[in-house]
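Peer 1: Construct the entire structure; sequences and hints are all you get.
Number of protein chains: 6
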Amino acid sequence: MSEDELTHLAASGEANMVDVGDKAETVRTAVAGATVTMKPETLRIILAGDAKKGDVIGTARIAGIMAAKRTHELIPLCHPLMLTKVAVEIEPDQSLPGLRIRALARLTGRTGVEMEALTAASVTALTIYDMAKAVDKGMRIGDVTLIEKTGGKSGDWRTE
Amino acid sequence: MSEDELTHLAASGEANMVDVGDKAETVRTAVAGATVTMKPETLRIILAGDAKKGDVIGTARIAGIMAAKRTHELIPLCHPLMLTKVAVEIEPDQSLPGLRIRALARLTGRTGVEMEALTAASVTALTIYDMAKAVDKGMRIGDVTLIEKTGGKSGDWRTE
Amino acid sequence: MSEDELTHLAASGEANMVDVGDKAETVRTAVAGATVTMKPETLRIILAGDAKKGDVIGTARIAGIMAAKRTHELIPLCHPLMLTKVAVEIEPDQSLPGLRIRALARLTGRTGVEMEALTAASVTALTIYDMAKAVDKGMRIGDVTLIEKTGGKSGDWRTE
Amino acid sequence: MSEDELTHLAASGEANMVDVGDKAETVRTAVAGATVTMKPETLRIILAGDAKKGDVIGTARIAGIMAAKRTHELIPLCHPLMLTKVAVEIEPDQSLPGLRIRALARLTGRTGVEMEALTAASVTALTIYDMAKAVDKGMRIGDVTLIEKTGGKSGDWRTE
Amino acid sequence: MSEDELTHLAASGEANMVDVGDKAETVRTAVAGATVTMKPETLRIILAGDAKKGDVIGTARIAGIMAAKRTHELIPLCHPLMLTKVAVEIEPDQSLPGLRIRALARLTGRTGVEMEALTAASVTALTIYDMAKAVDKGMRIGDVTLIEKTGGKSGDWRTE
Amino acid sequence: MSEDELTHLAASGEANMVDVGDKAETVRTAVAGATVTMKPETLRIILAGDAKKGDVIGTARIAGIMAAKRTHELIPLCHPLMLTKVAVEIEPDQSLPGLRIRALARLTGRTGVEMEALTAASVTALTIYDMAKAVDKGMRIGDVTLIEKTGGKSGDWRTE
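Chains as they are written, first to last, in numbering that gives the first Met the number 0: chain A, 0 to 159; chain B, 0 to 159; chain C, 0 to 159; chain D, 0 to 159; chain E, 0 to 159; chain F, 0 to 159.
There's no promise every hint is true.
Stated by the list, open to error - With a straight-line Cα cutoff of 25 angstroms, these simulated DMTMM-like cross-link-like pairs (lysine to aspartate or glutamate) come out:
1. K22/F <-> D21/A
2. K84/F <-> D142/F
3. K152/E <-> E24/B
4. K136/B <-> E159/A
5. K22/B <-> E24/C
6. K22/D <-> D155/A
7. K84/B <-> D21/E
8. K38/B <-> E159/A
9. K38/D <-> D142/D
10. K84/C <-> E24/C
11. K152/D <-> D18/F
12. K152/F <-> D18/F
13. K152/A <-> D21/D
14. K84/F <-> D18/F
15. K84/D <-> D18/F
16. K38/C <-> D142/C
17. K136/B <-> D92/B
18. K152/E <-> E40/F
19. K38/B <-> E147/A
20. K136/E <-> D21/F
21. K136/A <-> D155/B
22. K84/D <-> D142/D
23. K152/D <-> D21/F
24. K136/A <-> E88/B
25. K38/A <-> E159/B
Claimed, not checked - Partial list, computed: chain E residues near chain B (C-beta under 7 angstroms):
26. N15
27. M16
28. D18
29. V19
30. G20
31. H71
32. P75
33. P79
By construction, these hints were calculated from the structure, which means they are not laboratory data.
By construction, the Cβ of each residue, glycine as well, lies at the ideal position given by its N, Cα and C atoms.
Peer 2: If you want it as structure tokens, here you go:
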């Protein structure tokens, strides 16, 4: 591991959008996760009633999918990409207590989609916060991590 | 605390962008935090050398500020706002080890700016991840929380 | 009614974003409608099952709300506005057969919100088309109209 | 025709951005139409004088072309696409009376461009409404339909 | 003139979106200019024929107006603003030879609109370049300057 | 050189987004330049102190890179592109006095990237203006030109 590997920084230390033109077009997938920890009562409210669950969780999932498509507008050195698939899952986890998010991004292209998956997971979590903050301002978004990536020259990677 | 307080949900359970037209125009401030936990070596690389530090941290701060202005495009039920101030601070914290982020948003307006501060903190953290992921894919974004808010009818709030 | 009333056109005929700086800040509301006419079987599929109904109709409603906030990016001479409320309703109408959309936009400001309501209704309809086009490419979006507006110097207006 | 064909809905009924990574890259074209029905006097004003006609119709055409490029930001489950061509035509039709719009989108890619053509047609119509609403708030946007599509696995399709 | 006046830089030298919350809401106007210098033949082509002139110049003017509304998305430390008026004028100037652009932005608000006027002028010029580059890649955009500003605490300013 | 070469104009003179679907996918590069001329004292302030230099110049470079990715949203008839590389350099030039900008855009695709390089250079310059306008409103952006392009059917081109 050397400083040269900070590929966004040129030799002179300037931020840089790296050239991916020479990379091969392959199928690349990334899965990211996040959690939203909340009071048990907040989780109960979110889950109570079909319509309401549908709306908090359904709205957050749509927000995450839409955000993945805008990753290159938010993250300065990300390349614009033609994502072929984005999916977001949200499951209750009583042990937090709260909601557990998994976001998947896929592409046939020249650069990885880690940031797209992480952005989808983050905005899904932020939307859950927004929709429930009237009852619980102390919610905590955590564990925003890359879970796995496949494809590309650097090969597959999985969190330990 | 009742389900009625989930103000984004109408009586029928449908997601809704609540009417803030009757709220008073007051000065409203929100401060949010986030952390990026990484390997000690990754933190050393980010901090090594003025130019490089300037670029990772400076780029992430700009990304966070710009993202705050786009919160209403990302979070479905957020109102468009005329933010009067956004500031992002990033400090190293050897105890993580990693970087600690604080984002402030301020407004003279009719609705709070919690989501703007949280979005700024999240996108700052995502940008740090993007710029250092070549050396450390296992970085973890956490503790994305509201630290305090002031102004508005519901009054001041501070995390415990 | 004279050609001078085409307020977006200057005396010389050039397109223009009219000056609303002298208008009073008042509460302004607009309600727009739209329909999506489809095969009876398509409507049955959309309405069948809670989860599925939730998703087609819920997703379309979110899309419409989000689009209202971006009206000034889409319509060249619309002013950027701080909407205080956006709401979208979608109801089945067996007489079409299909779905009937109503979108409301509200603002305390210097210019009307007709275009925001019409944009919300249109994008809601387009999203319904997108989500059901695999079964029915012949769906027809129609009756995209302003239903009523209130507030502002020109006073209230209602479709006949 | 079965519910499985609602491809945006997963088995569990959740909204989903479908995977198009396995589809072949082919030339795909879609043509959509729309009408704006108005008072005869409104049509006369729009058509009167070269400069003015140029501006209402020219501005609306530009707005439609630009909107096609943003379809994936507006329609939640649309893929980002690299459109190779967008064209919009606007013709007067005294039988409405009003304006008749046709929008074409083309792509060499993995997914169809129906939504891009429909979005272009819709935003063209909305812009006409915006520019003439000072004289005629009762204008009606209708007949927003797919006229034909070519290319892709599902083959060609034409409205009957 | 002191370094403290670089108001976007905090005491510590970090880029910052300055707080304008304490500024008064006043009418603020800015006018910016730009030129596009080209071959005489290129200017002749642009001006030849009503329809063609309408399209190059009309399209560029629309692009400039729309860009003014997005200034805060492009310029990192600009505040989001509710512009009340944007106007762009484009005149031929045989002495360049080429086109001379003037863009005006106006606001009732807490911060100046210089950047909105300059962004409108720049994007108008870029659009002219785009539409005529097939015949003249050597066109030169120049003299992008603030011509005057009025309103605000710092008072009026005019280029010498 | 004939009027037919104004490829954005159809035979009838209407603005048009030209069809690039038949062009070959090749590596295409464009380099654009711009200058910001200012008072000697303004240049001294921008360059004084590592942190400050980092921030004005670093922020402007990030803004330029991000703007390149949004060119197709700003310039009405530009195609959406998947840029593989964007780089921006900013150097002091005492002979102006001021700052000299060079922006590079690269793509493996079907259409040139001149507008992306020019947009990056322009927005970089506008951001410098924004960050230093508190001390020098008379700064002048000039010499926004294409310096060279390579790739594509029309072959290489260099400014004389």
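Peer 1: Decide, hint by hint, whether the structure agrees.
Peer 2: Evaluated hints:
1. K22/F <-> D21/A: This hinted pair holds, its Cα atoms lying about 20 angstroms apart.
2. K84/F <-> D142/F: Roughly 23 angstroms between the alpha carbons, so the hint for K84/F and D142/F holds.
3. K152/E <-> E24/B: The hint holds at about 22 angstroms.
4. K136/B <-> E159/A: Judged against 25 angstroms, a Cα distance of about 11 angstroms means the pair holds.
5. K22/B <-> E24/C: holds, 15 angstroms
6. K22/D <-> D155/A: With a Cα-Cα distance of about 24 angstroms, the restraint between K22/D and D155/A holds, given a limit of 25 angstroms.
7. K84/B <-> D21/E: holds, 11 angstroms
8. K38/B <-> E159/A: holds, 14 angstroms
9. K38/D <-> D142/D: Holds, at roughly 17 angstroms.
10. K84/C <-> E24/C: holds, 16 angstroms
11. K152/D <-> D18/F: holds, 22 angstroms
12. K152/F <-> D18/F: Holds. K152/F to D18/F sits at ~14 angstroms (cutoff 25 angstroms).
13. K152/A <-> D21/D: holds, 20 angstroms
14. K84/F <-> D18/F: At roughly 24 angstroms apart (the allowed maximum being 25 angstroms), D18/F and K84/F satisfy the hint.
15. K84/D <-> D18/F: Between K84/D and D18/F the Cα gap is close to 5 angstroms, so the pair holds against 25 angstroms.
16. K38/C <-> D142/C: Status holds; Cα separation ~17 angstroms.
17. K136/B <-> D92/B: At roughly 19 angstroms apart (the allowed maximum being 25 angstroms), D92/B and K136/B satisfy the hint.
18. K152/E <-> E40/F: Roughly 24 angstroms between the alpha carbons, so the hint for K152/E and E40/F holds.
19. K38/B <-> E147/A: holds, 18 angstroms
20. K136/E <-> D21/F: Holds, at about 22 angstroms.
21. K136/A <-> D155/B: holds, 11 angstroms
22. K84/D <-> D142/D: holds, 23 angstroms
23. K152/D <-> D21/F: Roughly 20 angstroms separates the two Cα atoms, so the pair holds.
24. K136/A <-> E88/B: holds, 22 angstroms
25. K38/A <-> E159/B: With Cα atoms ~14 angstroms apart, K38/A and E159/B stay inside 25 angstroms; holds.
26. N15: holds, 6 angstroms
27. M16: Hint holds; M16/E Cβ to chain B Cβ min 5 angstroms, cut 7 angstroms.
28. D18: holds, 4 angstroms
29. V19: This hint holds: V19/E lies near chain B, its Cβ roughly 5 angstroms from the closest one there, short of 7 angstroms.
30. G20: It holds, given that the least Cβ distance between G20/E and chain B is near 4 angstroms, below 7 angstroms.
31. H71: holds, 6 angstroms
32. P75: Where the cut-off is 7 angstroms and the nearest Cβ of chain B is about 5 angstroms from P75/E, the hint holds.
33. P79: holds, 5 angstroms
Going down the numbered hints, you'll see the structure goes against none, and every one checks out.
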